Each structure stands twice: as structure tokens, then as C-alpha cells.
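Chains as they are written, first to last, in the working numbering: chain R, 7 to 205; chain D, 7 to 205.
Mixed in with the good hints, there may be bad ones.
Any copy, or any two copies together, can satisfy a pair, since identical chains are not distinguished.
EDC-like, lysine to aspartate or glutamate: derived pairs with alpha carbons at most 20 angstroms apart [claimed, not checked]:
hint	residue 1	residue 2
1	69	59
2	14	188
3	14	59
4	20	38
5	20	59
Keep in mind that the hints were calculated from the coordinates and are not lab data. All values derive from a computational prediction rather than experimental measurement.
There are 2 protein chains.
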Amino acid sequence: MDTENLLKQVAFIKEIDKLKYIQRKTKLFNSDRHENDAEHSWHLAMMTLVLAEHSNKPIDVLKVLKMVLIHDVVEIDAGDTFIYDSTKSHTNTEEELIAAKRIFGLLPIEQAEEFITIWKEFEDGTTDEAKFAKSMDRLEPLLQNASNHGGTWAEFNVSYETVYDKKKIIKNGSTSIWNYAENLLNQSVDQGILKKKID
Amino acid sequence: MDTENLLKQVAFIKEIDKLKYIQRKTKLFNSDRHENDAEHSWHLAMMTLVLAEHSNKPIDVLKVLKMVLIHDVVEIDAGDTFIYDSTKSHTNTEEELIAAKRIFGLLPIEQAEEFITIWKEFEDGTTDEAKFAKSMDRLEPLLQNASNHGGTWAEFNVSYETVYDKKKIIKNGSTSIWNYAENLLNQSVDQGILKKKID
Chain R
7 MDTENLLKQV
17 AFIKEIDKLK
27 YIQRKTKLFN
37 SDRHENDAEH
47 SWHLAMMTLV
57 LAEHSNKPID
67 VLKVLKMVLI
77 HDVVEIDAGD
87 TFIYDSTKSH
97 TNTEEELIAA
107 KRIFGLLPIE
117 QAEEFITIWK
127 EFEDGTTDEA
137 KFAKSMDRLE
147 PLLQNASNHG
157 GTWAEFNVSY
167 ETVYDKKKII
177 KNGSTSIWNY
187 AENLLNQSVD
197 QGILKKKID
Chain D
7 MDTENLLKQV
17 AFIKEIDKLK
27 YIQRKTKLFN
37 SDRHENDAEH
47 SWHLAMMTLV
57 LAEHSNKPID
67 VLKVLKMVLI
77 HDVVEIDAGD
87 TFIYDSTKSH
97 TNTEEELIAA
107 KRIFGLLPIE
117 QAEEFITIWK
127 EFEDGTTDEA
137 KFAKSMDRLE
147 PLLQNASNHG
157 GTWAEFNVSY
167 ETVYDKKKII
177 KNGSTSIWNY
187 AENLLNQSVD
197 QGILKKKID
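Could you build all of it, start to finish, from the sequences and the hints given here?
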């Protein structure tokens, strides 16, 4: 049983290496180099460790770490969906669910079920842990874009109002982080790297 | 205090982005593309989640995750040290300690102290958590090299005996993972991608 589990786990460990090839739209800090999903997931895990004290509610940090570490694994099959792509919803598409079942399904059954459950909990975004994990997922690209002359906001001509609407869920995880983020958005407008809609 | 901490934490979060530029000698699975330290750290965290059940001793998984997520952050200043480089010791050099103090020192004092303590515990390798974390750190490049026609073993002409000597500490963290790893090393010799010393 021990060996059987281990062989399945190694197969999974090899498969998820592919996450390092999934390129995001956002770029590294002060950089022209695109970030990949593995780097992004590592960064969210570090942010979780460092920022957990700002959560609105007490959270199980281990569970949040699991969420942010695995949240993009489905993109190995389903691909990265750009948050400001108006033609495709990012939330829990059928394609992502099939991907979750295939990729986590490489693991021993109990682990596969645990990972799929945690991934769904993240996607649903209703528990305290999922809310905080989503705050991290929204904050990282905001920090990156603000450091990159507007980054994807400028590149894809995304308005302040649209960005604000996507970012405001940070507040559900942490009011103090949202206060910081809201300030950063306003500063970005002042600096001309994020544009308000023209009425 | 809340805001003061947050500003320090954001400065740290930006600084550690540099880990994505630290290139390792090893390459991704079945690939010619070098891995970077952020990708490597994410992969060790995933391996920890998946393989924790094989630990010889009960372990605090959250602590092991902290170890593997931060273990290479010092390389932002100190650079990557190749495990088979005979001219430079990888273990806890003065340069790495100075790096730990500078980089973790960007954080609020209590967090800085916690991270430096955890990093030192990993480097010392004596607690059950550090032993398991080191097993993960040794296993990943072994799996990669075995998938890459010998990878760095072949590229730098490293003998089976030298590899075996570096890898055997996997056993301190997990006997069952070591059994798997030892088999993989022997298979690599049989396949001609890892060479025994010529007497």
C-alpha cells in the first residue's frame, strides 16, 4: 500500500511540473518577463505566511497554503484564463473540473478527493480560508502591475472601475490589506498608469 | 502597528520576487529548460503535501512547508550553490547568514526572527521536520535527472558513488522514499545515465 501510494504520488509530482510552462498575462515586479503559474503559486504561499495576521477572521494557515499551492494546477489542462477577459468566465468552468479530476486523480483516492475538495472550496470562495486565499490571488498581480507602469491594466486598456470591481473582494479576506490595495489603486490613477472611464 | 507591519511585509514580498531569477543547475522534467528557485520551492511544497505520510516520524506539515518555501530565499544574495561543487560548501555559509538577516530583516521583527530560526533549523537538519524537508530537497533533482538522461550527473560527470553519498540523507526523513530513490539510482546505472567510478 505504501509503495503503491508512492508510485501514484510520484506520477502526480512529475505531472504538475507542467505548471512551470503555464504563462500568466502578468509580469514579474519591475520586469518585462511573464510570470508562470508555479512561480505565482509559490509567491501566494509566501504572502499567506507573511500576511495571515491581517485576515479578518482566524484562519487555518495550512489549509490556505494548500489552496494557493494547488489553485492553478487545473490550468495544466484548461490553460490560464485572464481575469479581464470578458468572453470567458474564470469561475469553475466545466473544463477546469474535468482537469481537476484528471490531474488530482493521479493521486491515491483519499488524497485526490481531499485536493479536489480544497480546490472547489477555493473556487467557491465562501469559507474564511478561501476568502483569504482569494485576497492573496488578487493582491499579487495588483502589486506587480503597480510596479510595472500599469502592467496588464495598461497593456489591455482595463479601466480603474473594472479593476476596482475585481479587486474589491480582497476586503472579504482582509480589511487592512484592502485599505492598502485601494490606496494603491488610487495612487495608480494619480500616476496615470490606471485610467478612469471617460463618461 | 497593523499598517506599519503591512508596509514591511509588502517590501519583503516585492524583494523575494528576485528568487524567480535564481537559476538552478537542474532542469525541468524531460526538458532542457533550467529550473529557478521559486519553481523549485513550489514543487518541494507540493511534494511535502503529497508525501508527508511517508515521513519516518510524525511531522508538523505547516513547519515543513515554511522550511521548503523559504529555504532558498538566501540565494537572492548568496547565489545558488551547486550540490556537486567540491570547491564550496553548501551548508550554512557566512554569506548565507548575512543574506538571511538582510532579506528576512525586511519583515517585522517577530516574523524576521521566526523565519531566520526556521531557515537555520532547515540548514542544521537535525529535527524531524528538517530531515523531511531535506528529503524533499534531495528527491526533486533526483527525479528530474532520472527523467533527463542523467541531467546534471551526466553534464558534470558526477559518479554514482558521489550522488549516492549526497542522496542517502533522504533515508533520515523517510525510509520508504529512500527505498524508491535507491532503486531509481540503481536503474539509472543500469540505463547508463549514471556511471560508477572506475577502479
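The hints, checked one at a time:
{"no.": "1", "hint": "69 / 59", "in the structure": "both (15 angstroms within a copy, 17 angstroms between copies)"}
{"no.": "2", "hint": "14 / 188", "in the structure": "between (44 angstroms within a copy, 18 angstroms between copies)"}
{"no.": "3", "hint": "14 / 59", "in the structure": "between (36 angstroms within a copy, 13 angstroms between copies)"}
{"no.": "4", "hint": "20 / 38", "in the structure": "between (29 angstroms within a copy, 15 angstroms between copies)"}
{"no.": "5", "hint": "20 / 59", "in the structure": "between (34 angstroms within a copy, 18 angstroms between copies)"}
This entry satisfies every hint, going by the numbered hints stated previously.
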